[in-house]
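Chemist: Sequence:
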Amino acid sequence: MKSTTQIAKHLRDVHFGGNWCISNLKDTLEGVSWDQATKQIQSLNTIAALVYHTGYYIKAVAGVLEGKPLEAKDKYSFDHPPVQSPQDWEALLQETWDYTEKLAELIEKFPEEKLWDDFVDKKYGNYYRNFLGLIEHTHYHLGQIVLIKKLLVEHTD
Numbered sequence: 001m002k003s004t005t006q007i008a009k010h011l012r013d014v015h016f017g018g019n020w021c022i023s024n025l026k027d028t029l030e031g032v033s034w035d036q037a038t039k040q041i042q043s044l045n046t047i048a049a050l051v052y053h054t055g056y057y058i059k060a061v062a063g064v065l066e067g068k069p070l071e072a073k074d075k076y077s078f079d080h081p082p083v084q085s086p087q088d089w090e091a092l093l094q095e096t097w098d099y100t101e102k103l104a105e106l107i108e109k110f111p112e113e114k115l116w117d118d119f120v121d122k123k124y125g126n127y128y129r130n131f132l133g134l135i136e137h138t139h140y141h142l143g144q145i146v147l148i149k150k151l152l153v154e155h156t157d
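If you use the UniProt record's numbering, the sequence shown corresponds to residues 1 to 157, in order.
Keep in mind that the hints were calculated from the coordinates and are not lab data.
One or more hints might be untrue.
Only pairs whose alpha carbons sit at most 25 Å apart, straight line, appear in this in silico BS3-like list of lysine-lysine [what the hints assert, rightly or not]: (1) K122 with K109; (2) K75 with K39; (3) K26 with K39; (4) K75 with K122; (5) K73 with K102; (6) K122 with K73; (7) K150 with K68; (8) K73 with K150; (9) K9 with K68; (10) K59 with K122; (11) K9 with K102; (12) K59 with K102; (13) K9 with K109.
Input sequences plus hints: build the corresponding full structure.
Modeler: Printed below as a string of structure tokens:
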């Protein structure tokens with residue numbers, strides 16, 4: 001199996017299932033209502049903010065692979081549009097799933113020999129580092145979402 005195929009698989013796995021740790025974003029978010037997704041617990045980020053944040057970088061990297069400039073800025077990565085209804089929440093989720101699949105397809109087509117080339121600028125490291133970083137980043141925030149979801153259940157009991 002090509003490295004790019006394996007990387008794309010790992011990206012899909014953390015989002016849609018099939019990874020060896022069993023936990024994935026889509027199953028974890030199943031049944032989370034929009035009001036739960038936007039409920040603030042202490043000073044923690046909301047689930048909606050974390051979903052947007054992880055998707056923000058996926059969308060940015062997909063754009064680069066489509067030949068667009070890198071426009072993502074860390075300071076804007078939590079600036080999500082308001083989630084004020086079930087429709088807004090579903091739209092945010094659907095955009096996340098769509099961009100994840102789009103990026104996975106772009107990674108599968110990415111030339112193996114370019115994995116070690118600089119991603120946009122040397123300061124960002126190579127493509128391989130950025131692709132794996134997205135997967136690690138999603139796992140990290142998935143853990144936070146799981147914990148926030150548990151706290152939300154405790155607060156409603």
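Chemist: Hints first: check each against the structure and report whether it holds.
Modeler: How the hints compare with the structure:
no.	hint	in the structure
1	K122 with K109	holds (22 Å)
2	K75 with K39	holds (22 Å)
3	K26 with K39	holds (19 Å)
4	K75 with K122	holds (20 Å)
5	K73 with K102	holds (21 Å)
6	K122 with K73	holds (16 Å)
7	K150 with K68	violated (39 Å)
8	K73 with K150	violated (30 Å)
9	K9 with K68	holds (24 Å)
10	K59 with K122	holds (20 Å)
11	K9 with K102	holds (12 Å)
12	K59 with K102	holds (9 Å)
13	K9 with K109	holds (13 Å)
In this structure, the earlier hints numbered 7, 8 are contradicted, and the remaining ones agree with it.
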